[in-house]
Amino acid sequence: MIKIEMQNVWLGYGHKVVLKDITFQVKPGEMVGLIGPNGCGKSTVIRTLSRIISPLSGRIFLGGENVARISRRDLARLIGVVPQMPLLPSAFTAFEIVLMGRNPHLDLFQYEGPKELAIAWRAMEKTGTQSLAGRRVSELSGGEIQCLLIARVLAQDTKAILLDEPTANLDIGRQVEILDLIKNLCLQNKLAVLAALHDLNLASQYCDRLVLINDGRIHAEGTPREVITARNIEDVYGAESCVYTHPVNGLPCVLLNAGNSKMARPVDAVGEVW
Amino acid sequence: MSTSLPIKLLHWRSRIYGILGLFILLVAVVILAAAVGSVQIPFLTTSSILISKLPLVEITPTWASTLETIILDIRLPRVILAGLVGAALAIAGATYQGLFRNPLADPYLIGVAQGAALGAVIGFLLPSTWHMAGFGIIPLLAFSGALISTAIVYSLARIGKTLPVTTLILAGVALGALWGSIVSYLIISSGEKMHGIIFWLMGSFSLSQWSEAQIVLPYVLLGIVIILFYARPLNLMQLDEEQAQQLGINVERLKLVLLAAATLITAAAVSFVGIIGFVGIIIPHAVRLIWGADHRFLLPLSVLTGAIFLILADLIARTALAPTEIPIGVITALCGAPFFLYLLRRRRRVIF
Numbered sequence: 001m002i003k004i005e006m007q008n009v010w011l012g013y014g015h016k017v018v019l020k021d022i023t024f025q026v027k028p029g030e031m032v033g034l035i036g037p038n039g040c041g042k043s044t045v046i047r048t049l050s051r052i053i054s055p056l057s058g059r060i061f062l063g064g065e066n067v068a069r070i071s072r073r074d075l076a077r078l079i080g081v082v083p084q085m086p087l088l089p090s091a092f093t094a095f096e097i098v099l100m101g102r103n104p105h106l107d108l109f110q111y112e113g114p115k116e117l118a119i120a121w122r123a124m125e126k127t128g129t130q131s132l133a134g135r136r137v138s139e140l141s142g143g144e145i146q147c148l149l150i151a152r153v154l155a156q157d158t159k160a161i162l163l164d165e166p167t168a169n170l171d172i173g174r175q176v177e178i179l180d181l182i183k184n185l186c187l188q189n190k191l192a193v194l195a196a197l198h199d200l201n202l203a204s205q206y207c208d209r210l211v212l213i214n215d216g217r218i219h220a221e222g223t224p225r226e227v228i229t230a231r232n233i234e235d236v237y238g239a240e241s242c243v244y245t246h247p248v249n250g251l252p253c254v255l256l257n258a259g260n261s262k263m264a265r266p267v268d269a270v271g272e273v274w
Numbered sequence: 001m002s003t004s005l006p007i008k009l010l011h012w013r014s015r016i017y018g019i020l021g022l023f024i025l026l027v028a029v030v031i032l033a034a035a036v037g038s039v040q041i042p043f044l045t046t047s048s049i050l051i052s053k054l055p056l057v058e059i060t061p062t063w064a065s066t067l068e069t070i071i072l073d074i075r076l077p078r079v080i081l082a083g084l085v086g087a088a089l090a091i092a093g094a095t096y097q098g099l100f101r102n103p104l105a106d107p108y109l110i111g112v113a114q115g116a117a118l119g120a121v122i123g124f125l126l127p128s129t130w131h132m133a134g135f136g137i138i139p140l141l142a143f144s145g146a147l148i149s150t151a152i153v154y155s156l157a158r159i160g161k162t163l164p165v166t167t168l169i170l171a172g173v174a175l176g177a178l179w180g181s182i183v184s185y186l187i188i189s190s191g192e193k194m195h196g197i198i199f200w201l202m203g204s205f206s207l208s209q210w211s212e213a214q215i216v217l218p219y220v221l222l223g224i225v226i227i228l229f230y231a232r233p234l235n236l237m238q239l240d241e242e243q244a245q246q247l248g249i250n251v252e253r254l255k256l257v258l259l260a261a262a263t264l265i266t267a268a269a270v271s272f273v274g275i276i277g278f279v280g281i282i283i284p285h286a287v288r289l290i291w292g293a294d295h296r297f298l299l300p301l302s303v304l305t306g307a308i309f310l311i312l313a314d315l316i317a318r319t320a321l322a323p324t325e326i327p328i329g330v331i332t333a334l335c336g337a338p339f340f341l342y343l344l345r346r347r348r349r350v351i352f
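Residue numbers (our numbering), protein chains in the order written: chain A, 1 to 274; chain B, 1 to 352.
Isolated chain A, as found in the complex (with noise of 0.2 Å):
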C-alpha cells in the first residue's frame, strides 16, 4: 500500500512553466482521474510521477519517501505506467512486450523463469490478450496495443498505477472493461490508481475523486459529483452541457448541447428531416 503525495509542485520544461502549485494526494485503494482540456498538463503531471521530467519546485512523496531519493528499479517497482500512444518495437512480439513489465523484479542477468511467464500469462488472461500472444506488435490495432500495454502494467506488479488516456483508442465495450479490471484491482489490491481520462462520463463512473486542471492551475477537486458541474465543464471546456444524475448509480453524468442553440430541435422533427 502506497500514497502518491504531490505538494505545491510546479512543472514545466526548460524556462515555460506549465502547472503552478499543484497539491493533491492518491490515497491507496483510491482511483482518482485527472480531467482537463487538451494540453493542459495531465500527461506531464503524469510523466512527472514516474520522474521523466523533474519537478522546478515543490515535492513528490510516494509512501512518505521523496521520489528523487528512489532509484530507477525501486521506482518501477512502486509505480506502473501506461503510456498514452507509445512506440513498441515492431519486430517483439506481444508476449514478449507483457514479459518486459517482470524487468524491475529481475536482475541484469537473469532470464524470466516460470514464475515471471506465470505472471505475465495472467495479466495477459485478465486483459483478453492471450490470443494476440505470438503475435508481433506490428501487426495489431491501436486497441489492442492498449490492452496489451494494461496487461504490461499488471505483470509489473506494482503498488501504484498511472494510466494516460487508457482508453482513447478502445470501443465502448472495452473501455467498459479495462476500466473495471482497474477498479478492482484499486479496491482489491489498495493499489493508488491515477488517471488521466478524457471522458468525463468515464471518469465520473470509475474515480472516486477527480482534479481537474485548467490554465495551468487545478481548478477544482473533489468527488464526482463536486467537479461535474454545467458551470466548471463550461468554465473550463467553453462547451454548453446538461449534466444528469445517472439513473443507476447516481453519479453526474454529461450530455453536451451539440452546436449552438439553433441547430437544437427536438428529437422528432429528425423524422420531418428525413
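These aren't lab readings, by the way, just hints derived from the structure by calculation.
On a predicted model such as this, the values are computed, not experimentally measured, just so you know.
Wrong hints could be hidden among the right ones.
[Claimed, not checked] Dumping the calculated SDA-like pairs for lysine to any residue here, alpha-carbon to alpha-carbon at most 20 Å:
# : chain 1 : residue 1 : chain 2 : residue 2
1 : A       : Lys159    : A       : Arg122
2 : A       : Lys16     : B       : Gly160
3 : A       : Lys115    : B       : Gly160
Start from chain A and add chain B according to the hints.
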C-alpha cells in the same frame, strides 16, 4: 490454458539450438580455414594438430612439423584474429542499432572508423624511426584516434545530464566527415605511401600475428561480456527511453556503458586490421531475420555469425586470386550483400 504454451511462444528453444549449432559451425570453419591455403592440409590432420594443442590432450604427432608451423604460426593467428574482429564488429553493430533504435546504425556511425583512419594515416606518415618494434605504432594511433574521436563526439552531444541519441548521431556523422576530409587530404599528399594507406583503409588480415590476436582478445572479450550483461535493458530501450525508464532502466547509465563497450571493441578490432565494412550492419540484421529481435539471443548469435562470416570472407580473400590478396572489405560486401538481400526477400516481415 496449459503453462507450457507461454514458454513455447518465446521460441527460446530454437534460438538456443541456433547458438549451439553456430558454435559447432564456428569450430568447423576455424579448422577449414586453417586447412586451406597454398599448402593444402587434410581436414583430419588439421583437426588433430589443433586438438593436440588443447590442454590435457596427448596425441602422438604423425605429421611433419612444417605442417604444424603452417597451421599454428601462420594460419591460426590470422583465423583467430578474423574471428575476433568479426565477432566484435557484429556485436558492436547490434549494440549501436539497438541503442540508437536505428536499423542503419553500424559500428562506424559515430565516427569510430574515421577517427581510427586518421590515427592510422598519421602513423603511416610518421618517419620510420617513430615505429616501435613489435606491432608498430599504426595500431596504437588508430586505437587512440577511435577513442579520442568518440570522446569528442560524446562531449559535444551531451546536453546537461542527458545524451540525446539523435544529437549523438549527428555529432558523430559531422565529426566523422571532418576526419574523413583530413584523411583524404593526407592520402593525396602521402606520395609513395599512398598504396599502403589505401590497403589498410580497406582492411586486411595479411599481416596477422599471434601478438596482435593476443592484444585484441581481452578488449573484445571484455566488451562482449559487458554488452551481454545489458541485453535485457537493450530490449527495453526498443520501446523508447521514457518507457524504458518507467520500467526501471537507468537509461543514461545504460547509454554510457554500452557506448563505451561497443566503441572499445570496435576500436580494438579496426586498429590492427583496418576499416572492414558491412559486417557490423548486415550480420545483426541477418540474425534478426532468422532468430528474431530479442537481444539476449541477437547479441550472442551475432557474435558467432560475425566470427564465422569474417573467417570465411578472409579465407576467400586469400585463396580466390592467390597469391594476390583481395582486400577483405571487397569480399564482405560482395558475398554479404546478395545473401542479405535474399534473406530480406524470403522473409517478408518486419525485422526492426
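Evaluated hints:
{"no.": "1", "hint": "Lys159/A with Arg122/A", "result": "18 Å, holds"}
{"no.": "2", "hint": "Lys16/A with Gly160/B", "result": "17 Å, holds"}
{"no.": "3", "hint": "Lys115/A with Gly160/B", "result": "40 Å, violated"}
Checked against the numbered hints above, the structure breaks only hint 3 and satisfies the rest.
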